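Colleague: Residues per chain are reported as follows:
2 protein chains.
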Amino acid sequence: MPKSSNWVADNNIEIFYKHWGAMKADIINPFLSSVANVLSTMAMLEVSPGKPSIKNDNISRGDISGIIGMTTDTINGSMAITFPANVVFEIVNRMLGEQVNEINETVTDLVGELTNMVVGGAKGQLEESGYDIGMATPVVVTGKDHEVIHKGQGQNILMPFNSEPGAFYVEVCFDG
Amino acid sequence: MPKSSNWVADNNIEIFYKHWGAMKADIINPFLSSVANVLSTMAMLEVSPGKPSIKNDNISRGDISGIIGMTTDTINGSMAITFPANVVFEIVNRMLGEQVNEINETVTDLVGELTNMVVGGAKGQLEESGYDIGMATPVVVTGKDHEVIHKGQGQNILMPFNSEPGAFYVEVCFDG
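Quick note, the sequences are listed as chains A and B, same order. Following the numbering used here, the numbering of the first sequence begins with 199 at its first residue and continues without gaps. Following the numbering used here, the numbering of the second sequence begins with 199 at its first residue and continues without gaps.
Keep in mind the hints are simulated off the structure, nothing from the lab. Treat the hints with caution; some may be incorrect.
[To be verified] Non-contacting residues of chain B with respect to chain A, defined by C-beta distances greater than 10 angstroms in every case (computed):
{"no.": "1", "residue": "LYS249"}
{"no.": "2", "residue": "LYS253"}
{"no.": "3", "residue": "ASN284"}
{"no.": "4", "residue": "GLU288"}
{"no.": "5", "residue": "GLU300"}
{"no.": "6", "residue": "THR304"}
{"no.": "7", "residue": "TYR329"}
{"no.": "8", "residue": "ALA365"}
[What the hints assert, rightly or not] Listed below are several chain B residues computed to face chain A (Cβ distance under 7 angstroms; list not exhaustive):
{"no.": "9", "residue": "ILE265"}
{"no.": "10", "residue": "ASN274"}
{"no.": "11", "residue": "SER276"}
{"no.": "12", "residue": "MET293"}
{"no.": "13", "residue": "GLN297"}
{"no.": "14", "residue": "THR306"}
{"no.": "15", "residue": "GLY328"}
{"no.": "16", "residue": "GLY332"}
{"no.": "17", "residue": "ASP343"}
{"no.": "18", "residue": "VAL346"}
{"no.": "19", "residue": "LYS349"}
{"no.": "20", "residue": "ASN360"}
[Claimed, not checked] Using 20 angstroms as the maximum straight-line C-alpha spacing, the simulated EDC-like pairs for lysine to aspartate or glutamate come out as follows:
{"no.": "21", "chain 1": "A", "residue 1": "LYS321", "chain 2": "A", "residue 2": "ASP271"}
{"no.": "22", "chain 1": "A", "residue 1": "LYS253", "chain 2": "A", "residue 2": "GLU362"}
{"no.": "23", "chain 1": "B", "residue 1": "LYS249", "chain 2": "B", "residue 2": "ASP224"}
{"no.": "24", "chain 1": "B", "residue 1": "LYS253", "chain 2": "B", "residue 2": "ASP343"}
{"no.": "25", "chain 1": "B", "residue 1": "LYS342", "chain 2": "B", "residue 2": "GLU300"}
{"no.": "26", "chain 1": "A", "residue 1": "LYS342", "chain 2": "B", "residue 2": "GLU300"}
{"no.": "27", "chain 1": "B", "residue 1": "LYS342", "chain 2": "B", "residue 2": "ASP307"}
{"no.": "28", "chain 1": "A", "residue 1": "LYS321", "chain 2": "B", "residue 2": "ASP271"}
{"no.": "29", "chain 1": "A", "residue 1": "LYS249", "chain 2": "A", "residue 2": "GLU362"}
{"no.": "30", "chain 1": "A", "residue 1": "LYS321", "chain 2": "B", "residue 2": "ASP373"}
{"no.": "31", "chain 1": "B", "residue 1": "LYS321", "chain 2": "A", "residue 2": "GLU362"}
{"no.": "32", "chain 1": "A", "residue 1": "LYS342", "chain 2": "A", "residue 2": "ASP373"}
{"no.": "33", "chain 1": "B", "residue 1": "LYS342", "chain 2": "A", "residue 2": "ASP343"}
{"no.": "34", "chain 1": "B", "residue 1": "LYS249", "chain 2": "B", "residue 2": "GLU311"}
{"no.": "35", "chain 1": "B", "residue 1": "LYS253", "chain 2": "B", "residue 2": "GLU300"}
{"no.": "36", "chain 1": "B", "residue 1": "LYS342", "chain 2": "A", "residue 2": "GLU300"}
{"no.": "37", "chain 1": "B", "residue 1": "LYS253", "chain 2": "A", "residue 2": "ASP307"}
{"no.": "38", "chain 1": "A", "residue 1": "LYS249", "chain 2": "A", "residue 2": "ASP271"}
{"no.": "39", "chain 1": "A", "residue 1": "LYS342", "chain 2": "B", "residue 2": "ASP343"}
{"no.": "40", "chain 1": "A", "residue 1": "LYS321", "chain 2": "A", "residue 2": "ASP224"}
Model, not experiment: these values are computed from the prediction. Cβ atoms here follow ideal geometry from the backbone N, Cα and C, with glycine treated the same way.
Bound-form chain A, shown alone (with noise of 0.2 angstroms):
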């Protein structure tokens, strides 16, 4: 079943929101639940939301990120989704059936698509709240313990997950 916004308000994400508005929580919430729903598609692997915070540290180090930017008739912003090594692995294995043990061009090419689709589903939820956004193509970076971040003048929102094999980190920034 797909998730939307109210896999958000089951989670209790909303609470986090207030003091952010409700305009930025319209922006975000689409974000969160379509990475939720990708993963839960396409890899089989159920996730629960972390607590969401302003991010001010540097928690989100990672072994591969993805990376989208975005457009708007009105403000601009970006998208990251940074995994640690064990974590894709189980999520190349679980949409691949292949077993990998290191970062090659097999799981850097997934980590792309998963950036994609993860952007592409907000896009449509967010679509139906009027909110147009145009898509730039996704970049990946690899390298241990690298460190994603956004630079937008607004604030930068950082989301942890829980997974079966371990934690991963969505952040999503807009201008304004």
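For chain A, the structure is supplied; the task is to place chain B on it using the hints.
Modeller: Relative to chain A, chain B alone:
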């Protein structure tokens, strides 16, 4: 003196574009001259282009990258500029008069700004050629020896630049 497409021609870059076609060169050249412009204007750093290639290798590893997504009505893309630590430290020193020896917020902010300026400069040149480009917000990635891989459908063009403190890399990838 601002560097225009003449800078590209003077540096014999255009001959490498033969098999990519004129349209691709029309789009890529403004990014390359914008890199040279921004670094010479903002950091008093003269750069010379190395041999561009279709990226099939791992030579763009660096310690910090600025990444930005782009959208147009017809094609989308991404650009990354990747620096080794010693090169970015010298750029910080030239731009801010500050000695740094670790990748801190001053450095990541500056790389985010440089990325914005490079794409902004290219956007100006591209508008003159009739391409209207939407710019997403920059994302900065840090981590020793990380690698950046563009996952657009088109060819990923890797351009090494040489400068007094050392080499750095620019990658541009557009769909189609």
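Colleague: Beyond 10 angstroms from every chain A Cβ: check whether that's true for LYS249(B).
Modeller: holds (23 angstroms)
Colleague: Between the alpha carbons of LYS249(B) and ASP224(B), is the straight-line distance 20 angstroms or under?
Modeller: holds (18 angstroms)
Colleague: Would you check the hint for LYS253(B) and GLU300(B), treating anything up to 20 angstroms between C-alpha atoms as holding?
Modeller: violated (29 angstroms)
Colleague: Hold the hint about ILE265(B) up to the distance rule: shortest CB distance to chain A must be less than 7 angstroms.
Modeller: Holds: closest Cβ of chain A sits about 5 angstroms from ILE265(B), inside 7 angstroms.
Colleague: Verify the proposed pairing of LYS321(A) with ASP271(B), using a straight-line Cα cut of 20 angstroms.
Modeller: Satisfied, since the Cα-Cα distance of roughly 16 angstroms is no more than 20 angstroms.
Colleague: Taking C-beta pairs only, is LYS253(B) more than 10 angstroms away from all of chain A?
Modeller: The claim holds: LYS253(B) sits with its nearest Cβ about 12 angstroms from chain A, beyond 10 angstroms.
Colleague: Going by Cβ atoms only, is THR306(B) closer than 7 angstroms to chain A?
Modeller: holds (5 angstroms)
Colleague: Starting from LYS321(A), check that the Cα of ASP373(B) is at most 20 angstroms away, please.
Modeller: holds (19 angstroms)
Colleague: Holds or violated: LYS342(A) and ASP343(B), Cα atoms, limit 20 angstroms.
Modeller: Judged against 20 angstroms, a Cα distance of about 8 angstroms means the pair holds.
Colleague: Measuring from the C-beta of ASP343(B) to each C-beta in chain A, is the shortest one below 7 angstroms?
Modeller: Hint on ASP343(B): holds, closest Cβ of chain A at ~6 angstroms, below 7 angstroms.
Colleague: Is LYS249(A) within 20 angstroms of ASP271(A), Cα to Cα?
Modeller: With a Cα-Cα distance of about 30 angstroms, the restraint between LYS249(A) and ASP271(A) is violated, given a limit of 20 angstroms.
Colleague: Can we keep the SER276(B) interface hint, with Cβ of chain A closer than 7 angstroms?
Modeller: OK, holds: SER276(B) within 7 angstroms of chain A, min 5 angstroms.
The structure is inconsistent with the numbered hints 12, 13, 15, 20, 22, 31, 32, 34, 35, 38, although it conforms to all the rest.
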